[in-house]
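**Q** For reference, the chains in residue letters:
There are 2 protein chains.
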Amino acid sequence: MPEDQDTRTALTDDELRTLDAHWRAANYLAAGQIYLLANPLLTEPLRPEHIKPRLLGHWGTSPGLNLVYTHLNRVIGARGLDALCIWGPGHGGPSVLANSWLEGSYSEKYPDVGRDAPGMARLFRQFSFPGGVPSHVAPEVPGSIHEGGELGYSLAHAYGAALDNPGLLVACVIGDGEAETGPLAASWHSNKFLDPVHDGAVLPILHLNGYKIANPTVLSRIPEAELDALLHGYGHEPIHVAGDDPALVHRAMARAMDTALDRIATAQRAAREDGATERVSWPVIVLRTPKGWTGPAEVDGVPVENTWRSHQVPLPGVRENPEHLHQLEAWLRSYRPEELFDAEGRPVADVLARVPEGARRLGATPYANGGLLVRELPMPDLDDFAVPVDKPGTTLHEPTRVLGDLLRQVMKDTAGRRDFRLVGPDETASNRLQAVYDVSGKAWQAGTLDVDEHLDPHGRVMEVLSEHLCQGWLEGYLLTGRHGLFSCYEAFVHIVDSMVNQHIKWLKTSRELPWRAPIASLNYLLTSHVWRQDHNGFSHQDPGFVDHVLNKSPEVVRVYLPPDANTLLSVADHVLRSRDYVNVVVAGKQPCFDWLSMDAARVHCARGAGVWEWAGTENSGTPDVVLGCAGDVPTQEVLAAAQLLRRHLPDLAVRVVNVVDLTRLLPRGEHPHGMTDFEYDGLFTTDKPVIFAYHGYPWLIHRLAYRRTGHENLHVRGYKESGTTTTPFDMVVRNDLDRYRLVMDVIDRVPGLAVRAAAVRQRMADARTRHHDWIRAHGTDLPEVAEWNWND
Amino acid sequence: MPEDQDTRTALTDDELRTLDAHWRAANYLAAGQIYLLANPLLTEPLRPEHIKPRLLGHWGTSPGLNLVYTHLNRVIGARGLDALCIWGPGHGGPSVLANSWLEGSYSEKYPDVGRDAPGMARLFRQFSFPGGVPSHVAPEVPGSIHEGGELGYSLAHAYGAALDNPGLLVACVIGDGEAETGPLAASWHSNKFLDPVHDGAVLPILHLNGYKIANPTVLSRIPEAELDALLHGYGHEPIHVAGDDPALVHRAMARAMDTALDRIATAQRAAREDGATERVSWPVIVLRTPKGWTGPAEVDGVPVENTWRSHQVPLPGVRENPEHLHQLEAWLRSYRPEELFDAEGRPVADVLARVPEGARRLGATPYANGGLLVRELPMPDLDDFAVPVDKPGTTLHEPTRVLGDLLRQVMKDTAGRRDFRLVGPDETASNRLQAVYDVSGKAWQAGTLDVDEHLDPHGRVMEVLSEHLCQGWLEGYLLTGRHGLFSCYEAFVHIVDSMVNQHIKWLKTSRELPWRAPIASLNYLLTSHVWRQDHNGFSHQDPGFVDHVLNKSPEVVRVYLPPDANTLLSVADHVLRSRDYVNVVVAGKQPCFDWLSMDAARVHCARGAGVWEWAGTENSGTPDVVLGCAGDVPTQEVLAAAQLLRRHLPDLAVRVVNVVDLTRLLPRGEHPHGMTDFEYDGLFTTDKPVIFAYHGYPWLIHRLAYRRTGHENLHVRGYKESGTTTTPFDMVVRNDLDRYRLVMDVIDRVPGLAVRAAAVRQRMADARTRHHDWIRAHGTDLPEVAEWNWND
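Residue numbers (my numbering), protein chains in the order written: chain L, 1 to 792; chain G, 1 to 792.
One or more of the hints may lead you astray.
[Stated by the list, open to error] Within a straight-line C-alpha distance of at most 30 angstroms, the following computed DSS-like cross-link-like pairs (lysine-lysine) qualify:
1. K192/L <-> K192/G
2. K720/L <-> K109/G
3. K192/G <-> K391/G
[As the list claims (entries may be wrong)] Below, a sample of chain G positions facing chain L; criterion: calculated Cβ distance under 8 angstroms:
4. E44
5. P48
6. K52
7. P134
8. H136
9. P216
10. G235
11. N536
12. T726
13. R776
In case anyone wonders, no lab produced these hints; they're calculated from the structure. Just so you know, these numbers come straight off a predicted model, no measurement behind them. Ideal Cβ placement from N, Cα and C applies to all residues, glycine included.
Working from the sequences, and respecting the hints, build out all of it.
**A** Now the structure itself:
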């Protein structure tokens with residue numbers, strides 16, 4: 001499609017003048033934040049003491065971001081748009097701060113930083129200053145849902161924000177450095193999942209300023225035809241804007257914005273009103289402007305503007321070097337601040353002429369403060385989905401399949417509201433959640449064949465073979481006020497370790513900002529877990545995501561290991577209702593004994609950890625040994641061990657403690673869910689041996705419980721990186737988590753039992769040998785294990 | 001460029017017949033592995049007891065992989081190529097196993113699985129069977145350097161293998177599922193870093209069989225013109241092969257292979273002989289064949305071949321369902337095994353007619369067993385690079401800059417051999433290693449401008465803004481027998497958490513295979529670390545990668561925290577010489593006091609942990625308190641605390657213990673580097689308070705040391721997720737790791753000191769208050785901190 005240059009926007013001189021004034025003002029304010037401690041309006045000649053002692057910030061990307069902000073303002077106002085912008089180059093904090101101060105949204109959130117000279121002084125001083133604001137587009141910045149310090153996720157966040165927001169335009173500035181990352185490269189294909197009827201539009205703006213920290217970028221150094229082919233291949237129509245003459249670039253940018261928005265409007269109208277079904281080739285703007293544009297052209301004899309040298313602070317020695325100070329003053333005065341701000345430091349009318357009103361301002365849109373928009377999720381009555389349990393360990397269910405029925409209902413009850421999505425890397429059915437397809441298909445805008453099942457251009461189940469996209473989409477969706485669940489193979493959720501770090505940091509900081517309203521939690525369902533990846537083998541076995549998130553802020557992180565179907569329902573209900581958390585739920589998809597009735601499950605999950613009296617043999621309240629367990633497979637092995645002990649050592653007083661909420665093990669002072677010592681000692685005793693069978697790496701339990709009085713008696717079994725393609729029971733035997741080993745542990749650790757129970761211990765060792773022989777001969781598990789049940 | 005269909009390969013009938021025989025044989029053997037426990041040659045009618053009790057494996061991708069293997073065989077033989085293939089769909093294990101058994105390389109590695117009927121029976125039985133072999137292209141598979149269970153890394157591995165191997169062809173099969181991942185999407189641009197002179201060629205084969213586990217794939221469902229645009233945009237020339245008629249596909253595939261290899265040869269000749277410098281547009285083959293091709297077309301009335309239903313086991317109920325058994329037998333007999341294998345089960349001559357000889361076989365190439373090729377790295381004398389230290393804490397150096405000089409020498413000394421590379425995400429200079437540019441520029445094949453510095457089409461420094469690519473390239477490079485170092489911002493190395501998991505698993509398994517020779521270790525230099533990301537703020541602060549790797553196999557994982565320049569040199573020397581490890585080195589880039597002379601550093605690093613007598617005040621060998629430290633910033637704070645104690649509490653006997661090798665803290669039984677209790681108690685005592693200042697999350701130290709006698713006296717300070725943009729010293733104060741807090745900890749924990757040293761404690765608390773007031777007023781650290789040195 002041609003760019004229609006002649007028939008599109010011709011900016012009036014007045015528009016050009018006011019847009020340029022706004023852009024210059026934003027550039028001035030961005031540079032001012034990096035440099036100035038005082039004299040914000042340059043009412044006097046610049047002196048060293050006006051300069052910050054530590055110069056921290058990123059200038060290079062800022063003029064380009066300011067240009068985008070300025071031109072988004074114009075189209076938002078002119079077209080009455082609801083818009084949100086994702087600033088991928090998040091270290092361009094000075095730019096977004098400058099713009100939100102100009103439009104007034106900053107001072108509304110932070111009244112101590114008024115839109116006047118004292119406020120400007122404070123805006124400058126606080127930037128990257130101790131006790132002030134971070135250098136990035138962090139949660140503190142109004143209008144942001146994306147910090148961007150770690151690169152790669154801007155476009156996925158943009159798509160997440162656009163889903164189910166049909167009236168929203170999500171612009172997304174992608175730096176050419178970020179464009180080299182894997183997650184960003186994959187994100188371009190998100191357009192195959194964007195529904196032009198029920199979703200909003202994403203307008204990517206690929207900002208090619210040519211350099212990253214210290215190198216040119218790939219996309220800025222391939223021929224334009226090759227770049228165009230790439231963007232066409234991604235399913236986009238490129239619109240180019242390039243130059244370094246502000247007036248020409250303003251005109252070209254306005255034209256590009258109008259062209260893009262016209263095309264978007266046409267496509268949406270066709271889909272919504274005319275029922276068009278062909279996939280839309282959405283526009284993308286390619287913006288080529290110099291890195292550090294309008295900053296110092298040369299410093300100390302080397303080029304700076306339009307090179308990587310303008311990435312951070314183009315003039316580094318301002319306080320000590322009079323020439324640098326002089327250059328800085330000339331640079332700042334080049335924006336003619338006296339034309340932009342009145343004597344009281346307020347932006348003049350021309351600067352604000354194209355700034356939209358009220359909640360339409362990018363810094364004031366409620367879409368960037370999703371907690372303002374989020375509604376309670378309609379959660380059905382769990383009793384309608386619970387499996388009946390008259391007696392523990394009698395029936396089998398696949399817990400995630402039971403959960404699938406619940407999710408089906410949630411999906412159904414949100415069909416009109418469209419504020420719930422299920423995401424996963426091609427694993428929804430593998431993880432046995434396919435009941436949801438009864439009420440929502442899988443989002444899909446690419447080609448279809450007769451053989452396909454459950455594909456739906458309007459579906460709210462999202463499946464793509466990229467954990468990065470699943471995570472990024474869901475984050476964007478939640479941050480704009482909706483709900484969701486990410487179901488993932490346990491081992492491969494590590495792919496998003498770094499993304500969840502950033503989301504947890506975002507939530508931690510947001511919780512401290514009174515104006516940020518709580519959003520729905522990010523909920524993981526980790527299934528196809530370490531103990532049941534016996535068929536895929538070692539590469540699919542890793543339970544370490546729990547360890548990873550437990551390093552992060554305890555205010556934000558929650559970890560649940562429901563041991564059966566009803567406890568999974570109870571946990572799911574809890575996490576889907578919760579706010580501002582990252583909830584990790586680890587649950588099985590394989591047939592698993594039902595241990596607790598729905599009522600018992602509710603009570604047990606509310607407590608987070610408790611004694612399963614029916615499973616133990618203590619009468620007096622003083623056990624000889626405690627068997628602890630967390631996770632579905634460890635719980636089964638502990639119960640089998642308890643049964644063996646009951647049978648072979650009937651006078652041993654055994655207590656079984658199941659832990660659903662792992663952070664209960666932490667001291668109260670270290671996590672809001674932590675047990676008091678009184679509670680912990682009541683469960684685990686202070687002096688009896690505790691044999692604890694844990695789902696993941698055993699040392700995690702020690703890390704949580706090392707401050708407890710009885711810690712020296714705590715003996716933990718778990719996964720220790722022994723895996724291959726084998727049988728389910730062989731997996732637990734290989735890692736010494738099996739029932740026989742647990743009984744041997746009890747015998748080894750209960751004082752006096754070693755001699756008395758030597759024969760029992762030998763039987764257990766023999767059973768392990770029998771197991772080894774059997775699987776090599778038959779390829780299956782011992783019948784006594786495969787057919788085991790608690791009530792035998 | 002046209003595909004030159006008419007002028008290229010016309011397979012002779014004999015070639016076609018033998019290629020098809022090989023392909024049928026491989027298909028037969030792949031299906032046989034999934035299903036058969038006995039009766040491998042179908043010498044009798046198939047009965048249920050011939051079928052495995054658990055059917056585990058992935059059929060869907062196997063026929064396509066078999067086709068590629070068959071056709072690679074042809075061109076390797078015909079052209080005398082050295083070739084390696086990366087099998088991205090790694091769960092197609094049955095295919096690669098089948099082919100290596102056919103060519104004989106399998107039986108050479110595993111003589112008990114001979115190339116005859118008993119061997120075939122064993123090949124079938126062992127697959128996905130307890131005690132047998134995994135279902136994936138795991139380390140156990142000859143010819144593999146890539147397991148591929150987790151998807152995304154095949155193409156990056158292929159490029160890594162091709163670097164500095166000018167005579168090597170690296171074919172890389174990319175499944176269309178894997179192609180949706182971020183790392184794979186970014187990997188296409190690796191061609192901007194591949195030198196046609198010194199590097200080999202990568203031939204990507206995008207295998208579009210249309211489906212992943214349960215969904216169609218994006219790239220198989222966009223129009224071919226859009227796909228071609230995408231591939232052109234990636235810098236490739238596509239060559240298409242599509243069909244389901246074997247004879248036609250054989251002819252088309254042979255033609256495509258010849259076209260691709262001719263183009264590669266032409267490009268390499270132009271660059272090597274004619275000095276051509278324009279970037280090469282390398283060929284890519286797009287292969288469209290049905291998923292599960294030649295398997296059951298329908299099962300139980302639904303289509304299976306050419307749908308996602310053939311992903312794993314197309315006929316699931318063979319043992320129980322006579323109809324399925326019948327279908328399986330018909331399927332297996334469709335390959336006409338009696339034509340393919342002689343009465344003894346040996347492949348007939350026709351099957352082997354196009355199989356290459358000896359080390360040219362894909363299963364026998366030494367490039368897939370890099371330890372056979374690796375040479376000792378020429379390590380220079382450290383004394384030539386050491387900083388002089390007459391007295392601890394007198395001079396300052398930037399440790400990574402000192403390391404940069406050493407790496408410059410290594411880079412120089414490998415200039416002819418070209419077997420050392422430095423990779424990093426645009427951070428080599430930021431991490432102060434830029435001395436290497438004196439002897440090697442940065443690999444770059446895209447456009448250049450006059451302003452660029454250090455770009456070099458033949459460079460061995462690799463910089464791209466993708467941690468995934470850095471990791472993938474380096475893994476491929478190491479696995480094919482070379483050396484390297486990955487320098488990375490500490491926080492963002494989490495981006496490759498999941499990749500390093502897989503590499504550690506690979507190394508762990510490889511170490512157990514006698515025929516796999518040890519390869520060079522994967523070495524990380526993590527710098528720009530948590531304590532000195534004060535300028536970038538919270539998003540850049542995360543020391544958790546150490547925790548992540550310490551969950552993995554202790555045989556493989558090593559973690560070092562050198563506290564100064566000379567210790568960093570010693571550690572670097574050690575890790576660069578080592579084999580089969582993943583070494584994580586955390587070191588600072590900011591000016592840091594020099595504590596140890598080169599000789600002292602060597603001794604200290606060899607011990608891994610030791611008392612710094614010069615820093616303590618104990619005389620009798622019995623300290624009142626031990627100050628432990630690990631990491632450069634914690635070491636500085638501990639020494640400053642020791643100085644404060646010496647000054648204010650001169651009669652307190654203080655011992656300072658520095659830990660370089662973190663795994664020394666583990667019990668000997670849990671890590672090969674672990675200290676015996678005797679050693680540990682000798683350093684830390686069994687009964688004195690230990691105040692330990694650690695670089696990362698404090699509970700990691702507890703996790704390592706919880707079994708030690710004195711653990712209850714161990715008090716650890718470290719990073720606890722309190723960060724923002726602030727000053728360096730404020731970072732340690734925020735996390736209670738500062739010198740003043742450490743002195744307060746000592747006073748609080750040494751018996752009797754609380755009262756006696758109350759005034760000192762108050763001075764420390766006052767200093768913290770003074771710090772808070774000072775930074776808010778001045779934006780810099782207290783002069784007493786900024787100008788501190790040990791010898792005051």
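**Q** In ascending order, which of the hints set out earlier in this document are inconsistent with the structure?
**A** 3, 4 and 5
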